[in-house]
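Protein chains: 2
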Amino acid sequence: MSGAQDYKFEGWAGDSPDSIKGNLKWIEYEPKKFADDDVDIKVHYCGICASDISTLSAGWMPMDEAYPQVVGHEIVGEVVRVGPNVKNGLKVGDIAGVGAQCDSCLECKYCVDHKEQYCNKGQVGTYNGKYYRTSEGSKSWGGYANYWRGPSHFVLPIPKEIDPAEAAPFLCGGVTVFSPLKQYGAGTTAKDVGIIGIGGLGHFALIFAKALGANVTAISHSDHKKDDALKLGASDFLVTGDDVEDAVKGRERSLDLLICTSNDPSMPLNSYLSLLRPGGNFVLVGVPETGKLPDLAPFTIIMNNIHIGGSAIGSPDRIKEMLDLIAEKNLHPWISKWPLSKVNEAVPAMVAGKARYRYVLVNEENGGKL
Amino acid sequence: MSGAQDYKFEGWAGDSPDSIKGNLKWIEYEPKKFADDDVDIKVHYCGICASDISTLSAGWMPMDEAYPQVVGHEIVGEVVRVGPNVKNGLKVGDIAGVGAQCDSCLECKYCVDHKEQYCNKGQVGTYNGKYYRTSEGSKSWGGYANYWRGPSHFVLPIPKEIDPAEAAPFLCGGVTVFSPLKQYGAGTTAKDVGIIGIGGLGHFALIFAKALGANVTAISHSDHKKDDALKLGASDFLVTGDDVEDAVKGRERSLDLLICTSNDPSMPLNSYLSLLRPGGNFVLVGVPETGKLPDLAPFTIIMNNIHIGGSAIGSPDRIKEMLDLIAEKNLHPWISKWPLSKVNEAVPAMVAGKARYRYVLVNEENGGKL
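Sequence lines, in order, name chains Y and D.
Per the numbering used here: the first sequence ends with 370, consecutive numbering throughout.
Per the numbering used here: the second sequence ends with 370, consecutive numbering throughout.
Simulated from the structure, these hints should not be mistaken for lab results.
Don't take each hint at face value.
Stated by the list, open to error - Interface residues of chain D toward chain Y, partial, derived using beta-carbon atoms under 10 Å:
{"hint": "1", "residue": "G122"}
{"hint": "2", "residue": "R277"}
{"hint": "3", "residue": "P278"}
{"hint": "4", "residue": "V287"}
{"hint": "5", "residue": "G291"}
{"hint": "6", "residue": "D295"}
{"hint": "7", "residue": "G309"}
Claimed, not checked - Straight line, CA to CA, 20 Å or less: simulated EDC-like cross-link-like pairs of lysine to aspartate or glutamate:
{"hint": "8", "chain 1": "Y", "residue 1": "K292", "chain 2": "D", "residue 2": "E245"}
{"hint": "9", "chain 1": "D", "residue 1": "K121", "chain 2": "Y", "residue 2": "E252"}
{"hint": "10", "chain 1": "D", "residue 1": "K292", "chain 2": "Y", "residue 2": "E245"}
{"hint": "11", "chain 1": "Y", "residue 1": "K191", "chain 2": "D", "residue 2": "D113"}
{"hint": "12", "chain 1": "Y", "residue 1": "K292", "chain 2": "D", "residue 2": "D295"}
{"hint": "13", "chain 1": "Y", "residue 1": "K342", "chain 2": "Y", "residue 2": "D18"}
{"hint": "14", "chain 1": "Y", "residue 1": "K109", "chain 2": "D", "residue 2": "D94"}
{"hint": "15", "chain 1": "Y", "residue 1": "K182", "chain 2": "Y", "residue 2": "D295"}
{"hint": "16", "chain 1": "D", "residue 1": "K42", "chain 2": "D", "residue 2": "E78"}
{"hint": "17", "chain 1": "D", "residue 1": "K292", "chain 2": "Y", "residue 2": "D295"}
{"hint": "18", "chain 1": "D", "residue 1": "K109", "chain 2": "D", "residue 2": "D295"}
{"hint": "19", "chain 1": "Y", "residue 1": "K109", "chain 2": "D", "residue 2": "D113"}
{"hint": "20", "chain 1": "D", "residue 1": "K191", "chain 2": "Y", "residue 2": "E245"}
{"hint": "21", "chain 1": "D", "residue 1": "K109", "chain 2": "Y", "residue 2": "E252"}
{"hint": "22", "chain 1": "D", "residue 1": "K226", "chain 2": "D", "residue 2": "D192"}
Positions of the beta carbon are idealized from the N, C-alpha and C atoms, including for glycine.
Construct the entire structure; sequences and hints are all you get.
Written out as structure tokens, the structure reads:
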């Protein structure tokens with residue numbers, strides 16, 4: 001079942017916060033020791049995720065000890081090596097992908113219950129993580145690279161109906177919003193769904209909320225992306241503008257679920273909450289770099305039985321469910337492709353907010369198609 | 001079915017924030033016009049609720065137009081008059097009670113679904129409210145009084161097994177915590193329940209969480225009330241003390257549900273949240289007078305799929321369910337009784353935090369027993 005390793009692990013690494021300005025450097029590095037349940041993937045495509053930027057730039061936390069760092073956790077490519085205990089039926093030659101999580105304890109209540117992202121021992125990130133279940137202490141390295149190695153439990157075959165380049169950004173960005181949409185009943189118990197923020201995550205959320213059968217309201221501070229939002233899946237568009245209290249007037253208690261992809265710490269949270277029906281859920285998926293939320297008004301929450309929650313990425317089971325829906329409904333993300341060799345142009349463009357709505361790096365030497 | 005009215009409506013009224021210092025005055029007032037579905041209650045008992053204090057003192061909002069105000073919304077007494085469309089099988093001579101809500105539209109989705117406290121047109125408070133369904137524009141008057149008049153939909157017979165004096169404080173304080181304990185599965189889906197704050201609401205929450213079969217942890221900033229908490233229903237006691245981060249260490253992800261009866265805007269919210277298991281709920285029931293909550297750490301919420309919610313009082317159906325449980329399990333609140341005539345001593349004692357854990361005013365002239 002296993003192939004011999006005749007390749008080196010190399011990728012575009014950041015070694016300081018400045019790396020997001022176009023200063024990533026091609027380096028060779030040592031991956032984890034190959035374990036019985038690991039796979040190696042020859043990377044064809046890797047999405048650029050906002051988390052990559054916040055990690056490289058140390059926006060969420062100090063990163064001094066983590067440099068050099070190869071980021072990228074929306075990885076699709078060809079399986080080139082499998083261990084004897086490989087999971088998910090993977091075999092050499094398969095097109096498969098891995099998202100933002102690549103390991104966990106696989107034994108605790110949450111792992112067993114298919115909620116591996118909430119593992120009691122902690123999830124291992126596909127980059128900037130430390131393995132502990134196998135190859136203890138090894139650093140994890142992401143997908144701005146030629147090869148990726150990691151536990152097969154978190155690697156899923158990409159259905160043949162899906163373009164592998166399009167599959168990539170769904171593996172983190174997509175499932176990050178698909179997971180709460182499913183958990184909180186979009187299209188079933190939550191018929192009326194609002195999506196706050198029309199960026200990378202928001203565009204996935206519009207696609208999925210509609211595919212799941214919800215009535216979708218896109219919520220944005222301006223009307224610049226109105227046409228896009230309507231094409232992506234929204235049937236209604238709410239511009240919050242300069243006077244958000246006025247903007248939400250008449251729309252109170254009109255939605256069952258709000259997926260908040262904004263990470264603006266000054267967002268008008270209490271106005272957003274007024275849009276929810278009693279029992280409704282507001283779900284955060286974007287983490288502000290300040291680590292803070294706006295002030296909450298307890299009266300609003302109490303008098304409307306509202307829930308403010310958060311959701312982290314999605315489990316392998318959820319990713320599989322998402323891929324099946326993408327294949328079944330023929331869903332397509334809006335992506336632009338960049339040659340991997342132009343990563344130092346792509347990352348600054350992503351930082352500048354130019355993506356409409358996701359960037360995918362293409363490793364042409366490995367067989368990726370621009 | 002109806003009795004003629006040969007009584008006046010009189011009660012202890014506040015006419016300024018100073019009234020909580022012992023300056024309530026006995027006044028006569030005009031109740032709402034008697035409607036076909038109203039009842040009159042000859043008040044025997046009325047609990048003193050923290051809301052009474054925040055209302056009289058204008059702690060939550062300016063009250064200038066609301067004075068004079070007779071508060072009290074934990075009312076039990078004898079039904080002395082019923083309209084031809086009386087609800088809940090009430091008849092003259094019954095011992096019945098009303099809590100903090102006395103009316104709503106009775107037509108919207110939430111009213112029909114037995115969630116009247118979240119009525120789309122708004123709940124009418126048992127005091128400091130304005131009726132709109134019948135006797136439109138009339139002010140509502142509370143239970144520090146000799147008689148109370150209002151819609152029978154919100155008035156429930158008190159089961160014979162329950163001491164009417166003890167029933168009173170359950171009608172607001174009790175159901176305010178019983179309602180979220182039931183909604184969030186205490187004893188069923190939420191086996192491990194924490195109660196934050198051991199005051200009036202907290203003491204009810206300990207009683208009910210245990211009665212519902214949960215493992216109960218009482219959480220307090222000091223150990224002063226430890227013995228009380230263990231007697232009330234806790235099997236574990238967590239002192240947060242001066243170093244809350246240290247206090248919660250080792251207890252992370254140990255609880256399914258937190259009922260927060262504290263309304264301290266400087267409470268260590270993020271440390272409390274660390275106690276919750278993924279998918280867990282933190283439910284606010286106490287409203288800080290500042291109208292603010294402490295800063296929330298989005299990372300904690302997202303990485304643990306935690307929900308911060310709020311719950312307002314309880315519907316008539318929930319009150320009935322609670323009364324049935326009290327009767328079945330022979331539950332008792334910890335109360336002290338005060339003659340209604342000593343209300344100007346009782347209210348300042350309540351303000352000073354002396355209640356262990358609830359005060360009940362007794363109208364001896366009307367048949368209440370000290």
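- Item | Hint numbers contradicted by this structure | Failing hints, ascending: 14, 15, 18, 19 and 20.
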